[in-house]
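My request is simple: use the sequences and hints to build the entire structure.
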Amino acid sequence: GAGVSQSPSNKVTEKGKDVELRCDPISGHTALYWYRQSLGQGLEFLIYFQGNSAPDKSGLPSDRFSAERTGGSVSTLTIQRTQQEDSAVYLCASSFSGGQFFGPGTRLTVL
Amino acid sequence: GENVEQHPSTLSVQEGDSAVIKCTYSDSASNYFPWYKQELGKRPQLIIDIRSNVGEKKDQRIAVTLNKTAKHFSLHITETQPEDSAVYFCAARSLNAGGTSYGKLTFGQGTILTVHP
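Residue numbers (our numbering), protein chains in the order written: chain E, 7 to 117; chain Z, 58 to 174.
It is worth saying that the hints were derived from the structure and are not from the lab.
All C-beta atoms in this analysis are idealised placements derived from N, C-alpha and C, irrespective of residue type, glycine included.
There could be a bad hint or two in this list.
Said to hold, decoys possible - The list that follows gives simulated cross-link-like pairs (lysine-lysine, DSS-like), each with its CA atoms no further than 27 Å apart:
| hint | chain 1 | residue 1 | chain 2 | residue 2 |
| --- | --- | --- | --- | --- |
| 1 | E | Lys63 | Z | Lys115 |
| 2 | E | Lys23 | E | Lys63 |
| 3 | E | Lys17 | Z | Lys99 |
| 4 | E | Lys63 | E | Lys17 |
| 5 | E | Lys21 | Z | Lys115 |
| 6 | Z | Lys125 | Z | Lys99 |
| 7 | E | Lys17 | Z | Lys94 |
What the hints assert, rightly or not - Negatives, chain Z to chain E, calculated, CB over 12 Å:
| hint | residue |
| --- | --- |
| 8 | Asp74 |
| 9 | Ala76 |
| 10 | Thr81 |
| 11 | Ser85 |
| 12 | Gln95 |
| 13 | Leu97 |
| 14 | Asp106 |
| 15 | Gly112 |
| 16 | Glu113 |
| 17 | Thr122 |
| 18 | Asn124 |
| 19 | Lys128 |
| 20 | Gln138 |
| 21 | Thr163 |
| 22 | Gln166 |
Stated by the list, open to error - From chain E, some residues computed to sit far from chain Z (all C-beta separations above 10 Å):
| hint | residue |
| --- | --- |
| 23 | Lys21 |
| 24 | Lys23 |
| 25 | Gly34 |
| 26 | Ser68 |
| 27 | Ser72 |
| 28 | Thr82 |
| 29 | Thr84 |
| 30 | Gln90 |
| 31 | Ser93 |
| 32 | Ala94 |
| 33 | Thr115 |
Next up, the structure:
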């Protein structure tokens, strides 16, 4: 079936605006993850959803970041009052029991 | 929580040589260790993985070894080719904060592999 999809692929916003990033995981995958990757850097864990369990939010850098997963499928990552340091590629991944499969990412640029 | 260290940060080899990337982890309860390859401007792709009940796994030119006692695992690429050039990430899957389930992956810092023709 289709892989993980993310939208938009690119987002340019002004400092102080809110943004929403969307992730559609692979059908049937119970786990969903959000990561952030700055240019030339590694993968920074943000948040993890597993089935109906409470999400692991331990990687969210501030209270401006939040995420939801509706109906155990689609997830939205929201960044409020964006700052220039939020500029990065935001990657979503999903898994069932083993390896995670990544989406293409959303490149966020905050001017 | 889990901590994963990856070495080297950069690795340059000649085509046909072997390449080895090593990772150490801190949480002895971690039970799954995948490796990802990320080409420039693309998403990370799972290339091989190993579970804690296995010591070695091979898939054509790539292999992964796991030493649970020493808490380290390694990626081995033989007969390297220019198309192997990419950033490679190791990861370890650990228990959640409550110790009730596995899921979260902790990634190493990445290794930039360059294969010269």
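Consistency of the hints with the structure:
1. Lys63/E with Lys115/Z: 35 Å, violated
2. Lys23/E with Lys63/E: Holds, at about 22 Å.
3. Lys17/E with Lys99/Z: Status holds; Cα separation ~17 Å.
4. Lys63/E with Lys17/E: Holds, because 23 Å separates the two Cα atoms, which is no more than 27 Å.
5. Lys21/E with Lys115/Z: Violated: Lys21/E and Lys115/Z sit about 48 Å apart, past 27 Å.
6. Lys125/Z with Lys99/Z: The hint is violated at about 32 Å.
7. Lys17/E with Lys94/Z: 25 Å, holds
8. Asp74: 25 Å, holds
9. Ala76: 19 Å, holds
10. Thr81: 15 Å, holds
11. Ser85: 20 Å, holds
12. Gln95: 9 Å, violated
13. Leu97: Violated: least Cβ distance 10 Å, not greater than 12 Å.
14. Asp106: Incorrect as stated: the minimum Cβ-Cβ distance to chain E is 5 Å, not above 12 Å.
15. Gly112: The claim holds: Gly112/Z sits with its nearest Cβ about 18 Å from chain E, beyond 12 Å.
16. Glu113: It holds; Glu113/Z is separated from chain E by about 17 Å at its closest Cβ, greater than 12 Å.
17. Thr122: At about 18 Å from chain E, Thr122/Z clears the 12 Å cut-off, so the statement holds.
18. Asn124: Since the minimum Cβ distance to chain E is about 21 Å, Asn124/Z lies beyond 12 Å and the statement holds.
19. Lys128: Lys128/Z clear of chain E: closest Cβ-Cβ about 20 Å, beyond 12 Å.
20. Gln138: Correct as stated: the minimum Cβ-Cβ distance to chain E is 23 Å, above 12 Å.
21. Thr163: Violated, because the least Cβ-Cβ distance between Thr163/Z and chain E comes to about 7 Å, which does not exceed 12 Å.
22. Gln166: 5 Å, violated
23. Lys21: 25 Å, holds
24. Lys23: 26 Å, holds
25. Gly34: 16 Å, holds
26. Ser68: 19 Å, holds
27. Ser72: 18 Å, holds
28. Thr82: Holds: least Cβ distance 19 Å, greater than 10 Å.
29. Thr84: The assertion about Thr84/E holds, with a minimum of 21 Å to chain Z.
30. Gln90: 22 Å, holds
31. Ser93: With a cut-off of 10 Å, Ser93/E remains clear of chain Z, as the shortest Cβ separation is near 16 Å.
32. Ala94: For Ala94/E, whose nearest Cβ neighbour in chain Z is about 14 Å away, the distance exceeds 10 Å, so it holds.
33. Thr115: 15 Å, holds
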